[in-house]
Every structure is written in C-alpha cells, then in structure tokens.
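Produce the complete structure using the sequences and hints provided.
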Amino acid sequence: MEKETLTVALLSEGDTLTATLSGEIDHHSAATARETLDRALFKHRPRVLCLDLGGVSFMDSSGLGLVLGRAALCEELGAAVRLLRPSLRVRKIFAVAGLDRIENITLQV
Amino acid sequence: MKKKINELKLTLPALSANEGAARAIVGAFCAQLDPTVEELADLKCAVSEAVTNAIVHAYDTPGGPIYISVALFDDRSITVVIRDRGCGIADVAQARQPLFTTGADGERSGMGFSVMETFTDRLLVRSRIGVGTRVTMKKCLS
Ligand SMILES: Nc1ncnc2c1ncn2[C@@H]1O[C@H](COP(=O)(O)OP(=O)(O)OP(=O)(O)O)[C@@H](O)[C@H]1O
Ligand SMILES: [Mg+2]
Chain A
2 MEKETLTVAL
12 LSEGDTLTAT
22 LSGEIDHHSA
32 ATARETLDRA
42 LFKHRPRVLC
52 LDLGGVSFMD
62 SSGLGLVLGR
72 AALCEELGAA
82 VRLLRPSLRV
92 RKIFAVAGLD
102 RIENITLQV
Chain B
456 MKKKINELKL
466 TLPALSANEG
476 AARAIVGAFC
486 AQLDPTVEEL
496 ADLKCAVSEA
506 VTNAIVHAYD
516 TPGGPIYISV
526 ALFDDRSITV
536 VIRDRGCGIA
546 DVAQARQPLF
556 TTGADGERSG
566 MGFSVMETFT
576 DRLLVRSRIG
586 VGTRVTMKKC
596 LS
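Note that the protein sequences, when read in sequence, are chains A and B. Going letter by letter, the first sequence gives residues 2 to 110 in this note's numbering. Going letter by letter, the second sequence gives residues 456 to 597 in this note's numbering.
Read the hints as simulated data drawn from the structure, not as lab findings. Just so it is clear, the structure is predicted and the values come from calculations on it, not from any experiment. C-beta: ideal position from N, C-alpha, C; glycine also.
One-sided excerpt, in silico: chain A residues whose CB lies under 7 Å from chain B:
1. Asp27
2. His28
3. Ser62
4. Gly70
5. Val97
This is the structure:
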C-alpha cells in the first residue's frame, strides 16, 4: 500500500459538512481527496462545506484547483464554501491567484 | 564571477507519485545553503509546479523522463532546471498568463507558472513543439 500523504476527515453536522485536510496537497494527492469530497457532497448535500486547512503542510496550484473545483461544484449544488485556518503557506498560494482574504469567507467562483 | 559550489542531477519518470519526492530531494539538497524556512518552502513549491507540469501536460502516456538539475553558487544563488522531452508548448507567453490552462477537467487553476514566477527571482521557459520544455528558475537567498 502506498502511503497517503494527504488525509481527509469528514464530519457532517446538520446542514454543514466539515472536511479536515491534513498533509501535503499536490496533483498526486488531490485526486483521492477530490473523490472523497465529491462523494461526501453528493451523499450529504450540505448547505455549507467547511474545508479545514489547518493541517495542510504543503500546497501548490493543484491545491488551488482542488479548492476552486469543489467551490464550483458547491455552487451547482447550492452550497457555500468556507475555508478554515489557512496557514501562511496556504494563504500565499491563494494570494498568487488574487484571493488573499480567504479566512472564514464564502468563496465565490 | 560567481562560482558553482555544488550540483545535483536527477532523472525521474513522469509519474504523479514522484511529485513529493522531487520537491523533497531538491529541498534537502538546497538546505546546505541555509535558506530561511520561507525561502525553502517557496523553492519547493516552485519545483513542485514545474515537475507537476511535466507529469500532467508533457507526455501522452505516463513515465517519460523528467530531468532535474540543481546548481548552488557561492553568491548564495540557486539555479533549478526542469526539462522534459514531451509535447512542448505552442505559445509560451500565453501559457505563462495567469489562469491560462489547457487542462480540460476543470481541476487546473492555470496558476502554476504564476506561482513559479512569484516564488523565485527569475523564470525562463523554453519550449519547442514535439521536442520538449525546459523551465529554468533562479532563486537568490538572503
Ligand atoms: N512541461 C509542459 N509541457 C507541455 N505543456 C505545458 C508544460 N508546462 C505547462 N504547459 C502548458 O502551460 C499551461 C499553463 O501551465 P500552468 O502550470 O500555469 O497551469 P496548469 O498546469 O494548467 O494549471 P495548475 O498549474 O494551476 O494546476 C498548461 O495548461 C499547459 O498547456
Ligand atoms: Mg501547472
């Protein structure tokens, strides 16, 4: 078994789905995370998706793709997306894309 | 004249499982110049972008070669070259624009080159259709 470099823990409470991501987000690890998140979104159909990024130790533009891709899906499903606890590193990547105030905000795509 | 003090050469097959290894190895090698935590994180992220591009965009079938070379200089500058023998880029200037992507699955943000540009001091991209792509990044440490 290949070691997972990124784990996703899910918690569904009321109309909020919280996904806690820990580890490194790159193109390789994003694929499994995307499947996990999308399956949970279709299963729970939350009104709010909280992505807790506090445990993300590395992220590149593939992480941006993962988050923005989920935001696009959430928009289709009528859910809002909140990003929780982005580290300085994570914020630096979002800032390159011009998204520099991302804490606890609803992401618009 | 600045002098080269150390050099790393590495060839990896274009497999997504190698993204983490590539940035970790380059990061570990550059650590001997005693970069700040932020400088090192920036460099590893830029390397991850270039390597990922070679994996995602360069080859039709996975596993083609990615050549990585890292040179350390006595003026505390680092040059990283990431090269592939893949499909090449038709219009490099367009490819470097923020948000430009040929990724069709909606999962690419088109920000890879912008990240490389922001996180290094110099980014040079040379590419020829059918021949491959060479990305050269220079980072000057404090
Ligand atoms: N090594 C390469 N070989 C062939 N095409 C490339 C290569 N690197 C980049 N490209 C082209 O340049 C475009 C822009 O690259 P960039 O890294 O900025 O964005 P992306 O890879 O599409 O998305 P992201 O990096 O945000 O996931 C790519 O979509 C691709 O068309
Ligand atoms: Mg890219």
